[in-house]
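Peer 1: So you can see what is in the structure, the chains are spelled out below.
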Amino acid sequence: MIEFRSVTKRFPDGTSAVSNLDLVIPAHQTTVLVGSSGCGKTTILRMINRMVDATSGTIEIDGDDVATLEPVRLRRRIGYVMQNTGLLPHRRVLENIVTVPRLNGMPKAEATELGLRLMDTVGLDRGLARRYPSQLSGGQQQRVGVARGLAVDPNILLMDEPFGAVDPIVRAELQTELMRLQVTLGKTVVFVTHDIDEAFLLGDQVVILQQHAVVAQRGTPGEILAHPASGFVSDFIGAERGKRALRIVETNGSRVVVDADGRPAGVLVDGKNGS
Amino acid sequence: MTWLGSNVGLVAELSLHHVQLSLLPIVVGFVAAVPLGVLAWRFKLTRGLTLTIVGLLYTIPSLALFVLLPPLLGISFLSEANVVIALSIYAVALMTRSAADAFGSVDPVVRRSAAAMGYSSLGRFWAVELPLAGPVLLAGLRVVAVSTVSLVTVGVLVGSRSLGYLFMNGLQRSIPVEILSGIVMTVVIALAFDGILVLLGRLLMPWTRAETTSRRVARRLRLTVGGGS
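Protein chains in written order, with our numbering: chain A, 1 to 275; chain B, 1 to 229.
Just chain A, same shape as in the assembly (with noise of 0.2 Å):
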């Protein structure tokens, strides 16, 4: 569990990107950060490895209060997966995967077996371990900096806007990677995008920020959906438009479900085996 107590940031410019923050983020889920650019989310993010110092308040992991802990190491055991991938352009892609492995001394040996089995994990083939980042697509990249991100096989996994800069299709297909990864690992994901869609797709907790991080509401997707807590929220969620204002119309006796536009999204059928 990661807890934020009244933790303040402050830029030496004098730009507050985060006043006085509480939140708890829950071990064994996926909790994302989405809000639009500017509003802090990332700097929450970068404050748990301490990339960032908060400038007051605490915050804790598992109950130690990170600014104790000495950076290098907190990071080494944190996976961290950035937008653009962040890979080393001169190492080659299993060099990338294992680079924290190897910095904590494991053998070389042992590194590139734990590599190749990433690699399996993430869906990559084998045979671009010798390959250097440039010469991978941007969606085969971006399951590289998954694979590095995982390779100490870390409590927490902290992803920045990881799929913002791939095609939809590819990204469509990262995520779902990413919830299928996830059901077996289990890690304490903390996901940060502007994607409302990407959020209520992959988080078991929503936090909708508004500037200076502030929290407009925190729940589950469908807890967001019915009940938005302002019209901050519902206007960012887009529940009065497109395809979230969904009515039911008859037609020829069968119950269709259109969007705010008329255009049908669906039918309506009995049971509950479309969960």
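Calculated directly from the structure, the hints in this document are not laboratory data.
This one's a predicted model, so the numbers in the text were calculated from it and none came from an experiment.
You may find that some hints are simply not true.
Okay, the calculated bits of chain B under chain A, using three or more residues with CB under 8 Å as the criterion [unchecked claim]:
1. 103 to 113
2. 116 to 125
Here are the simulated distance ranges between beta carbons [stated by the list, open to error]:
3. B:Gly55 / A:Asp125: 23 to 33 Å
4. A:Gly266 / B:Leu204: 51 to 61 Å
5. A:Arg247 / B:Ser120: 57 to 67 Å
6. B:Ala192 / A:Thr184: 52 to 62 Å
Glycine included, C-beta positions come from ideal geometry on N, C-alpha and C.
Place chain B on chain A using the hints.
Peer 2: Then chain B, alone, in the frame of chain A:
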């Protein structure tokens, strides 16, 4: 041509000596410029100062430096150390700016990602920043190598034995072939240094070739796709 026939030994000996005189300044230039470059790149405070000083050093005329150094360092005007030290100063002056640019060329996203992985700042320097600065460092070093090889010829004015001797001697005795031999050999040595550096770069930085080939492949693919549609 008769001159060359009877002086091949002299040309060879001067060429060898020329190479020896060039080597040390190039190595010193590189080794000293890397930390200076870091100083100029990492800290705002030292950036202006470092770059101004090396910039000024480079503007001192070589002859003036040959005259200034001996009394300052207590060495003889005619010693080889005089030439080597002067050329090292130029090499450092030229290379430091390249080094600062080289470190500046490292993608900040990659640096941040390396920090997030858990590299310490020293570990990150050796494992990430230095290798990724490599291509720009190499480009700078190639300029330094060629310019040093050509500057060594000036050393003949303070008595050092290099291909510059052929220029002086050929001029005084009006033997064009002798001057030409000097020029050709200087160019050959400069090209050889450059070639060796390029090879070293390929050997030590294999990923740069992967990047250019994948770019080329991507371009060709786009062309084919564009042409086919």
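Peer 1: Each of the hints needs a verdict: does it hold here or not?
Peer 2: We went through each hint and held it up to the structure:
| no. | hint | verdict |
| --- | --- | --- |
| 1 | 103 to 113 | holds (count 5) |
| 2 | 116 to 125 | holds (count 6) |
| 3 | B:Gly55 / A:Asp125: 23 to 33 Å | 51 Å, violated |
| 4 | A:Gly266 / B:Leu204: 51 to 61 Å | 59 Å, holds |
| 5 | A:Arg247 / B:Ser120: 57 to 67 Å | 58 Å, holds |
| 6 | B:Ala192 / A:Thr184: 52 to 62 Å | 59 Å, holds |
Hint violations for this structure: number 3 only, all remaining hints satisfied.
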